[in-house]
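There are 2 protein chains.
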Amino acid sequence: MADKVTIREVGMRDGLQSIAAIVPTETKIAWLDAEYAAGVRDFEVSSFVPPKLLPQLADAEAVIRHAMTLPGLKVAALIPNLRGAERGIALGVPEMNFVLSVSEGHNRSNVRRGTDESIEDFRRVVALCREQGETRPLINCGLATSFGCTIEGDVDEERVCRIAVEVAEAGADGLMLADTVGYGQPAAIGRVFRKVIGAVAPLPVMAHFHDTRGLGLANVLAAFEAGCRYFDASLGGLGGCPYAPGATGNIVLEDTAFMFEAMGVETGIDIEALAQVRDIVAKALPDVALHGAIAKAGLPRNFHPMAQAA
Amino acid sequence: MADKVTIREVGMRDGLQSIAAIVPTETKIAWLDAEYAAGVRDFEVSSFVPPKLLPQLADAEAVIRHAMTLPGLKVAALIPNLRGAERGIALGVPEMNFVLSVSEGHNRSNVRRGTDESIEDFRRVVALCREQGETRPLINCGLATSFGCTIEGDVDEERVCRIAVEVAEAGADGLMLADTVGYGQPAAIGRVFRKVIGAVAPLPVMAHFHDTRGLGLANVLAAFEAGCRYFDASLGGLGGCPYAPGATGNIVLEDTAFMFEAMGVETGIDIEALAQVRDIVAKALPDVALHGAIAKAGLPRNFHPMAQAA
Chain F
1 MADKVTIREV GMRDGLQSIA AIVPTETKIA WLDAEYAAGV RDFEVSSFVP PKLLPQLADA
61 EAVIRHAMTL PGLKVAALIP NLRGAERGIA LGVPEMNFVL SVSEGHNRSN VRRGTDESIE
121 DFRRVVALCR EQGETRPLIN CGLATSFGCT IEGDVDEERV CRIAVEVAEA GADGLMLADT
181 VGYGQPAAIG RVFRKVIGAV APLPVMAHFH DTRGLGLANV LAAFEAGCRY FDASLGGLGG
241 CPYAPGATGN IVLEDTAFMF EAMGVETGID IEALAQVRDI VAKALPDVAL HGAIAKAGLP
301 RNFHPMAQAA
Chain W
311 MADKVTIREV GMRDGLQSIA AIVPTETKIA WLDAEYAAGV RDFEVSSFVP PKLLPQLADA
371 EAVIRHAMTL PGLKVAALIP NLRGAERGIA LGVPEMNFVL SVSEGHNRSN VRRGTDESIE
431 DFRRVVALCR EQGETRPLIN CGLATSFGCT IEGDVDEERV CRIAVEVAEA GADGLMLADT
491 VGYGQPAAIG RVFRKVIGAV APLPVMAHFH DTRGLGLANV LAAFEAGCRY FDASLGGLGG
551 CPYAPGATGN IVLEDTAFMF EAMGVETGID IEALAQVRDI VAKALPDVAL HGAIAKAGLP
611 RNFHPMAQAA
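If you read the sequences in order, they're chains F and W. Note that the working numbering numbers the first sequence so that position 122 is 122, with each residue one more than the last. Whatever position you read off the second sequence (first residue = 1), add 310 for the working numbering.
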């Protein structure tokens, strides 16, 4: 039986949040629908940040509400804090992602709190979710800067593992190890994923990588070999800093899906249909560069998609 | 002790051969000198093709003669046939690379001969080299289309292995497994490198990859894990087809070196000095896009180069 991976589209959250030009709600929904039609079944649809802070995601409720109508689609939303969790619960979102930074400096810079304080915040979010009883949402915790930090440089691998265990014991339904700033490299990623997966099993440990330094897919391969089966990505590598030309954001969804399918690992995604979705984003954001190789080069003649094989 | 890899610059041959604008000999020499100063010690400097067929490389003798003056630099040249080998031997080039295609259709399309006939040609080249006695050049054989072919699609992995053994028995000093058309993916690359390395040991088995579909560095990682320690690359990913916009050529030298050094694998290369060499190529070829991420994004703050550690 073929191996399988889940690739989650996070471009509507992580991709759009750094882009000033507001994408209309209908366009977000058209984008989501088109990817759904191409076989993508996992989305981080939006973020419950205060609309005043991030006008781009002020329509979180509307887009999520639509996503929840699509059969078999796994809908997740980012929550920055307890207030965000309350919005998510009010809406009935089935899965929420809380994020804290392993790097103390990065965490303080982001939320003016120590990492330990953010773990306490996460416990409060878990408690709130559990109060919802059987219909409670799943609550994951992302560990940002797991592979290096722009403020602190090195991030201790033992510390990543320790915080992962602490967060798992706090009641996380899953963990994301995030290479937030594109500092990761395959050797470190292989080591840390192996350790964390071993330490928190059977909790799912997901990978959230950025392709800033070109190692995105090599890092995906290293995480996969270490046992990871869940990967965040964004169409065209949307995201990254608009002030750093050429710096890509998340790893490219269509290239990631291509790599796995070419390797004989099932993704459920139709690569060519997915590549065509780029048109929707390109029209909505004409000034934003879309990255990725497979959409330009096309599928090779020795490509045998898993969906056809099955 | 740290693991080591050799990364060879092939841009002056594989990169330039698809570019019409002639790069002056002095510029090629300045480029080579600057990379030498950055620690690159292996070059495929040029190709002994008929100057009329490829005016870009008509100065092969001049550039190679200069390269041979640099202490510790490993100089190689491509030879398309016996006539090319004679030119190489006349010049005293220390290492020559012959290429044939594993795909019968690709070989016929390239040289109007079957793969078996090209293996016979290789035997003649080996014989000529051996006639030179103790000062004979090393003679390697590249197996093009080892991971798929634009004409035949799939290329049988057993056939790659069989031809590798045949070429090794014919007297090759080393083999290159080439993903000529950018069809390779990590699973196949891992399998084939493992088999071929096992079958021809202790002969060196080198990797020659193109980054056409974004999997270049993931493929490098897979080959490395399979035991490969020799990688071809080109500065800025120079090469590829000038008529396919966005399609890169060889894997990017500076990103490849960065990946290995970041992983703790010694390359001998100073990444920042190497990235600055791009200016020489950019000035000489203002209309050619240079690819690569590390030159744009810069080294991460958690980067500890092996040369400093040593």
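Please note: incorrect hints may appear among the correct ones.
[What the hints assert, rightly or not] Below, in silico cross-link-like pairs of lysine-lysine (DSSO-like), each with a Cα-Cα straight-line distance of 27 Å or less:
#1 K296(F) / K606(W)
#2 K362(W) / K593(W)
#3 K296(F) / K4(F)
#4 K505(W) / K314(W)
#5 K314(W) / K195(F)
#6 K296(F) / K283(F)
#7 K52(F) / K283(F)
#8 K74(F) / K4(F)
#9 K362(W) / K4(F)
Note that these hints are calculated values from the structure, not bench results.
Are there hints from earlier that the structure breaks, and if so, what are their numbers? 9
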